[in-house]
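Novice: Sequence:
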Amino acid sequence: MKKEIREFIEREIMKDERGGILKDTDPLIESGIIDSLGIQILLAHLEETYSVHIPDEELIPENFETVESIVALVERVKG
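My numbering runs 1 ahead of the 1-based position in the sequence shown.
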């Protein structure tokens, strides 16, 4: 899951900026890699790919700060 999410962000959100190299601990929001539109794109992808619904109360910056935090979010809402 971690690899797939990282590759999706590199391909669809970063679009090869920074050479397409993203680490699981890179700060996505703080560094400007992902913005509010990017979060919406990622959210749609996560819900479709992993068959989850991410409730509004989980849509906080901390849950989208790194690839690791995104994976933790998906695992948490999957139960």
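In short, the hints are calculated from the structure, not lab data. Among these hints, one or two may not hold up.
Unchecked claim - Quick list of in silico lysine-lysine cross-link-like pairs, DSS-like style, CA-CA up to 25 Å:
#	residue 1	residue 2
1	Lys4	Lys24
2	Lys3	Lys24
3	Lys16	Lys4
4	Lys79	Lys24
5	Lys4	Lys79
6	Lys16	Lys3
7	Lys79	Lys16
Novice: Compare the structure with each hint and give your call.
Specialist: Now for the hints, and whether the structure bears them out:
1. Lys4 <-> Lys24: holds (10 Å)
2. Lys3 <-> Lys24: Answer holds: Lys3 to Lys24 is near 10 Å, not above 25 Å.
3. Lys16 <-> Lys4: Within the cut-off at roughly 16 Å; holds.
4. Lys79 <-> Lys24: holds (24 Å)
5. Lys4 <-> Lys79: Status holds; Cα separation ~18 Å.
6. Lys16 <-> Lys3: Within the cut-off at roughly 18 Å; holds.
7. Lys79 <-> Lys16: Distance ~28 Å between Lys79 and Lys16 Cα, so the pair is violated.
Hint 7 from the earlier list is the only one contradicted by this structure; the remaining hints agree with it.
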